[in-house]
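A.B. asks: Going by this note's numbering, the sequence shown opens with residue 2, and the numbers climb by one from there.
FYI, nobody ran anything at the bench for these hints, they're computed from the structure.
All C-beta atoms, glycine included, are put in the ideal place defined by N, C-alpha and C.
Take these hints with a grain of salt, some might be off.
Subject to a maximum C-alpha distance of 20 Å in a straight line, what follows is the list of computed DMTMM-like cross-link-like pairs (lysine to aspartate or glutamate) [stated by the list, open to error]:
| # | residue 1 | residue 2 |
| --- | --- | --- |
| 1 | Lys209 | Glu121 |
| 2 | Lys196 | Glu54 |
| 3 | Lys179 | Asp206 |
| 4 | Lys132 | Glu121 |
| 5 | Lys47 | Asp193 |
Distance windows between CB atoms, simulated [as the list claims (entries may be wrong)]:
| # | residue 1 | residue 2 | range |
| --- | --- | --- | --- |
| 6 | Gln36 | Asn112 | 41 to 49 Å |
| 7 | Gly15 | Thr131 | 49 to 57 Å |
| 8 | Ala22 | Val233 | 46 to 54 Å |
| 9 | Ser108 | Lys4 | 35 to 43 Å |
| 10 | Leu12 | Ala238 | 41 to 49 Å |
| 11 | Ala57 | Val233 | 18 to 26 Å |
| 12 | Asn172 | Lys115 | 16 to 24 Å |
| 13 | Arg122 | Asn172 | 27 to 35 Å |
| 14 | Ser128 | Asn195 | 36 to 44 Å |
| 15 | Gly227 | Val129 | 28 to 36 Å |
| 16 | Lys75 | Arg230 | 50 to 58 Å |
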Amino acid sequence: MTKIPSLTDLLEAGVHFGHQARRWNPKMKRFIFTQQSGIHIIDLEKTQAQLKEAAAFVKEIAAKGGKVIFLATKKQTAEIVKEEAQRVGAMYLTQRWLGGLLTNFDSVKRNIEKLPALEERLKDEGSVYTKKEKLLMQREIDKLNRFIGGIRSLDTLPDALVIVDAKKEDNAVREAQKTEVPVVALVDTNADPNKVDYPIAANDDAIKSVTIIIKTLTDAFEEGMGLVRKRVAIEEAKVATPEKVNERASA
């Protein structure tokens, strides 16, 4: 079972610090504990419960072999999300949201397929190109890697999005709503929690806050993937056992 951070852990990470009260979204009222010096303070008991529910959902998706994309394009949070996603073998986007990724997937898919095709072409046929041509190809590969390298294995719509800052990534949230792709998202006190399926009331700006939330969710993803590997191993063992019996019988 995924370890859920204690209230003390969440407190020490600054998860409870919201935005200035004047910038709040009234729909976040039920997740706000109090107000201090003009800053809204998030109710961490509710955050903890939301995180537990979201982690269970992410684990379930991964356990079914589903695809989850972790999305964070703010500079201060992009790197930690990329590192955590890479750690567990999950997909990620940290440069920008690709407009139409969900609502016009076939078009975006062609760009995704272009990356490995270019890499293979440069590798196998590199000798037939001039130095300048190879340089231009490599630049295009680098550009594609920067923007879509984290989703290069995506061949169908994802089964879920995990988003840092639902307000900033509103375009992604809108596309997910249209295509019925479930969304797990950190929602600060200035966001609308009703737009996402699994809102997690939390400070979505501070690195420590984002780290503790995202690490919990990537751990959940990793646990789900572990269940997939376990099932595969069991099935392989079942197939191998009759073969061994036949070998003994014919010996």
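A.B. asks: Would you mind marking each hint as holding or not holding in the structure?
C.D. replies: Hints versus structure:
no. : hint                        : in the structure
1   : Lys209 - Glu121             : 39 Å, violated
2   : Lys196 - Glu54              : 17 Å, holds
3   : Lys179 - Asp206             : 27 Å, violated
4   : Lys132 - Glu121             : 17 Å, holds
5   : Lys47 - Asp193              : 16 Å, holds
6   : Gln36 - Asn112: 41 to 49 Å  : 46 Å, holds
7   : Gly15 - Thr131: 49 to 57 Å  : 54 Å, holds
8   : Ala22 - Val233: 46 to 54 Å  : 51 Å, holds
9   : Ser108 - Lys4: 35 to 43 Å   : 40 Å, holds
10  : Leu12 - Ala238: 41 to 49 Å  : 46 Å, holds
11  : Ala57 - Val233: 18 to 26 Å  : 22 Å, holds
12  : Asn172 - Lys115: 16 to 24 Å : 22 Å, holds
13  : Arg122 - Asn172: 27 to 35 Å : 32 Å, holds
14  : Ser128 - Asn195: 36 to 44 Å : 57 Å, violated
15  : Gly227 - Val129: 28 to 36 Å : 45 Å, violated
16  : Lys75 - Arg230: 50 to 58 Å  : 33 Å, violated
Hints 1, 3, 14, 15, 16, counting from the list given before, are not met by this structure.
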